[in-house]
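There are 2 protein chains.
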Amino acid sequence: MTRIRKQTLDGKIETLILAVLEDGPSYGYAIVKQLNRRCDGILKLGEGTVYPVLHRLEEKQMISSKWQTAENGRPRKYYRLNRKGHRAFAENLRQWRMLASVMEKVVGSCASILPKPQLKGGII
Amino acid sequence: MTRIRKQTLDGKIETLILAVLEDGPSYGYAIVKQLNRRCDGILKLGEGTVYPVLHRLEEKQMISSKWQTAENGRPRKYYRLNRKGHRAFAENLRQWRMLASVMEKVVGSCASILPKPQLKGGII
DNA sequence: CGATATACTATACAGTGCAAGGTATGCGCG
DNA sequence: CGCGCATACCTTGCACTGTATAGTATATCG
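Each protein sequence line maps, in turn, to chains D and X. Okay, so the first sequence: first residue is 1 according to our numbering, each after it adds one. Okay, so the second sequence: first residue is 125 according to our numbering, each after it adds one.
The hints are simulated quantities; they were obtained by calculation from the structure and are not laboratory data. Even glycine gets a Cβ: it sits at the ideal position worked out from N, Cα and C. Do not take every clue at face value.
[To be verified] Covered stretches of chain X (chain D as the covering partner; in silico rule of three or more C-beta atoms under 8 Å from a C-beta of chain D):
| # | region |
| --- | --- |
| 1 | 181-189 |
| 2 | 194-203 |
| 3 | 220-232 |
[Claimed, not checked] Here are the in silico distance ranges between beta carbons for each label pair:
| # | chain 1 | residue 1 | chain 2 | residue 2 | range |
| --- | --- | --- | --- | --- | --- |
| 4 | D | Q34 | X | P176 | 34 to 40 Å |
| 5 | D | Q61 | X | P149 | 46 to 52 Å |
| 6 | D | A90 | X | I137 | 22 to 28 Å |
| 7 | X | P199 | D | N36 | 49 to 55 Å |
Start from the sequences, fold in the hints, and give me the full structure.
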């Protein structure tokens with residue numbers, strides 16, 4: 001299984017992180033682990049990838065952070081979605097669907113050379 | 125209908141152009157028009173977007189160019205896929221499927237807030 | 001005690017979309 | 001003829017994003 005490339009993932013990590021936080025507050029290290037575990041073999045994010053995105057998201061006021069000490073004594077910076085982040089996630093999702101539609105329209109037509117795994121229904 | 129954002133499209137234009145050329149040789153201006161027409165309302169690429177990508181693709185030896193004069197007297201630079209480009213397109217397609225799978229896994233679970241248009245089959 | 005996992009941070013780089021601006025020519029219209 | 005429009009190409013520079021690299025600190029376990 002090949003790892004996913006940067007240029008493929010580009011612009012999607014923000015959405016992925018928002019999606020994780022959509023399920024409830026979490027902190028950087030856990031987010032990295034969860035995403036990697038969730039997409040084992042395909043996604044292998046480093047901490048140097050995720051933390052800057054978190055800082056950018058906070059800067060854009062989509063998420064808020066709060067330092068908290070876990071039961072194991074470690075300080076953790078918990079992030080949670082705020083209204084702006086919630087809206088951003090919804091918008092990102094819409095954008096994702098649009099992209100999927102475009103790719104389907106353009107690539108789909110000549111993609112018969114590489115048949116799709118399965119897709120019985122049309123546009124995603 | 126909102127236009128698709130840069131960060132959403134990021135890294136996909138190369139694939140889109142390769143897809144068009146997969147159907148036969150073409151030239152820059154026509155490629156722009158075709159992509160925009162094909163995805164009317166969503167995609168609005170400028171020439172300043174496409175030409176640099178064509179140059180990069182040629183630099184990476186995925187496509188080759190050949191000047192040719194059209195019947196209307198205008199000089200056109202026709203591009204065609206070569207073997208490397210063909211392989212790159214297949215790889216890009218694989219990457220796209222991987223991305224779709226990742227997005228499905230992570231976003232799909234909590235995406236119930238924004239129900240998908242239709243999808244009866246699972247992974248794209 | 002040393003290794004490992006946890007948990008955070010900062011810096012610097014490369015690739016990419018795209019806005020902005022420029023050149024040149026053929027064609028139709030008033 | 002002059003004007004605008006569509007055609008057809010090009011370059012420069014910016015902003016954003018993933019990520020490699022490097023650094024810090026502490027709890028836990030063999």
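Hints not upheld, ascending by number: Per hint list: 1, 2 violated.
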